[in-house]
Amino acid sequence: MATTVQEAPPAGVNLDVRNASRRKHPWRWLSALVVLVFAAQLVTMLVTNENFGWDVVYSWLRAESIMRGLGVTLMLTVVAMVIGVVLGVLLAVCRISANPLLRGAAGVYIWFFRGTPTLVQLIFFYNLSALLPQLNLGIPFGPVFASFDTNTLITPLLAAILGLGLNEGAYMAEIVRGGLLSVDPGQKEAGQALGMTNTRIMKRIILPQAMRFIVPPTGNQVISMVKATALVSVIALSDLLYTAQSIYNRTFETIPMLIVVCLWYLAVTSVLYVVQSFIERHYNRGARHQPASFWDFLRIRPKGSAA
Amino acid sequence: MSTAVLRARGVRKSFGHTEVLSGIDLDVTSGETVVVLGPSGSGKSTFLRCVNLLESLDAGRITVDGRDVGYDVRNGRLHELAPNEIARRRRDIGMVFQQFNLFPHMTALENIVEAPIAVLGEGRREATARAVQLLAEVGLAGREKAYPRQLSGGQQQRVAIARALAMRPKLMLFDEPTSALDPELVGEVLVTMKKLATAGLTMIVVTHEISFAREAADRVVFMDDGQVVEQGTPEQVIDDPQHERTRAFLSRFL
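Line by line, the protein sequences are chains A and B. Quick note: the first sequence uses this note's numbering, first residue 1, plus one each step. Quick note: the second sequence uses this note's numbering, first residue 1, plus one each step.
Accuracy of the hints is not assured; some may be wrong.
[Claimed, not checked] What follows is a set of in silico ranges between Cβ atoms, one per label pair, in the way DEER data are often shown:
| hint | chain 1 | residue 1 | chain 2 | residue 2 | range |
| --- | --- | --- | --- | --- | --- |
| 1 | A | 185 | B | 199 | 25 to 33 Å |
| 2 | A | 185 | B | 200 | 31 to 39 Å |
| 3 | A | 275 | B | 77 | 54 to 62 Å |
| 4 | A | 135 | B | 72 | 44 to 52 Å |
| 5 | B | 253 | A | 274 | 37 to 45 Å |
| 6 | B | 80 | A | 102 | 49 to 57 Å |
| 7 | B | 79 | A | 224 | 48 to 56 Å |
| 8 | B | 253 | A | 102 | 47 to 55 Å |
Don't read these hints as lab results, they were simulated from the structure. Predicted model, so just to flag it, every value in this text is computed and none were measured. The C-beta atom is built at its ideal place from N, Cα and C for all residues, glycine as well.
Given the sequences, and given the hints that come with them, work out the whole structure.
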């Protein structure tokens with residue numbers, strides 16, 4: 001046999017990838033420099049520009065009225081999200097049910113609430129009395145058991161909860177539906193073959209697996225909701241923004257008050273980001289890909305990357 | 001005298017314009033292992049899925065242990081049952097899938113105890129003890145806490161078999177249980193299934209493993225084009241097939 005014997009690679013410490021010199025990244029250094037210059041400019045402006053009114057910001061930051069506004073904002077977020085999630089699960093289950101009537105009804109609901117602006121819906125609910133002066137409880141076309149004056153029943157708070165919650169339900173429905181559809185149909189069949197009821201299969205088999213696909217976008221929805229509650233200031237509900245507005249309408253310290261508002265929104269959303277990352281990890285049990293650690297965004301060289 | 005666990009008469013099923021089952025008659029008696037052979041698309045998997053109503057029938061009738069899975073007989077007519085009643089009747093029919101279909105968010109043990117606790121109302125301790133025993137029987141003692149993705153395909157399929165057995169089924173359906181496995185893992189699953197056949201479990205096995213049919217089957221059924229072409233003992237059907245279609249199919253395995 002006449003094969004050419006390949007020359008064996010020379011043995012040596014230096015020809016081991018462990019000792020290879022790493023690739024240089026001149027552009028990273030250059031871009032870092034540019035970013036630094038901009039950052040320095042920003043800091044200088046923050047410190048030297050007196051229009052920020054940092055002393056005013058500090059004095060109002062934890063004022064009682066602001067805290068009450070923050071409380072309303074948080075309460076609205078929680079209530080609207082709870083309504084949204086419950087409604088979303090129900091709508092999603094209707095949307096994929098075998099009953100064509102339920103499917104159609106859920107579809108129309110989602111079409112309407114996603115197709116009109118939240119702001120318009122809020123104002124609509126606020127002015128519901130102009131459309132329906134009386135709200136009656138009774139048998140359709142039959143006797144009425146109780147009757148309410150719409151104006152006293154629909155307070156700005158209820159209008160806000162209805163507007164935000166019903167709107168959120170439509171968006172959550174699509175998120176939940178996507179999650180449910182992402183679970184392999186074989187899972188349902190396995191449950192059926194074991195004699196489990198559809199409700200049980202949904203609760204124990206499908207929903208827990210769908211959670212992995214539902215939780216991350218729901219976290220985003222919560223964060224969006226925190227900010228969306230600012231819309232209720234148009235219907236004179238004293239949330240964080242409306243409270244700040246009513247203060248600067250008096251004192252004309254517009255910018256400092258808006259900064260107070262921004263700082264609080266940022267604080268709340270930052271906490272929510274952390275919570276979201278922990279919940280995500282919880283639902284990833286048994287999954288192939290574990291999510292990145294929350295603090296990974298601080299790493300310059302991501303874990304496991306080659307360069 | 002052995003009794004019929006499964007009785008199928010004139011079962012028909014179409015998907016769109018394609019008729020997949022064109023009148024299947026089949027009886028399976030208690031303790032019998034029936035292996036269904038046939039080319040892909042012959043309707044054997046569909047027939048198996050009709051038995052526990054994962055697919056509905058278009059015509060004909062299937063009874064398991066004397067009862068229709070999806071219907072009640074009243075006044076000489078069949079009446080469709082509500083979903084929860086169908087679920088109740090599926091308890092006695094175990095099924096093992098080609099893709100295992102283990103619940104990935106549960107450990108091997110949790111996979112097995114889920115239905116006995118939820119469906120049969122067994123106590124957790126009792127169900128757990130039995131699950132541990134079943135895992136040992138399929139050769140997976142000590143893997144109770146493993147999640148499905150931490151197990152090989154063969155191990156996952158054996159957990160799936162244990163999960164089905166935990167319901168104490170009167171009839172077990174195996175839908176190509178080794179088709180998704182790497183060749184070197186097929187053996188361990190077949191050994192487990194042979195043990196069950198020997199132990200007297202009533203089984204219908206859809207498979208392409210001719211050697212399993214030869215060694216474990218009491219009866220071999222050959223299906224093609226939505227019909228039962230011939231059936232008999234493994235010696236009759238595999239070694240001395242009477243029909244041209246059976247011969248053509250088997251020749252590919254020789």
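Now for the hints, and whether the structure bears them out:
{"no.": "1", "hint": "A:185 with B:199: 25 to 33 Å", "verdict": "holds (32 Å)"}
{"no.": "2", "hint": "A:185 with B:200: 31 to 39 Å", "verdict": "holds (33 Å)"}
{"no.": "3", "hint": "A:275 with B:77: 54 to 62 Å", "verdict": "holds (58 Å)"}
{"no.": "4", "hint": "A:135 with B:72: 44 to 52 Å", "verdict": "holds (45 Å)"}
{"no.": "5", "hint": "B:253 with A:274: 37 to 45 Å", "verdict": "violated (60 Å)"}
{"no.": "6", "hint": "B:80 with A:102: 49 to 57 Å", "verdict": "violated (19 Å)"}
{"no.": "7", "hint": "B:79 with A:224: 48 to 56 Å", "verdict": "holds (50 Å)"}
{"no.": "8", "hint": "B:253 with A:102: 47 to 55 Å", "verdict": "holds (49 Å)"}
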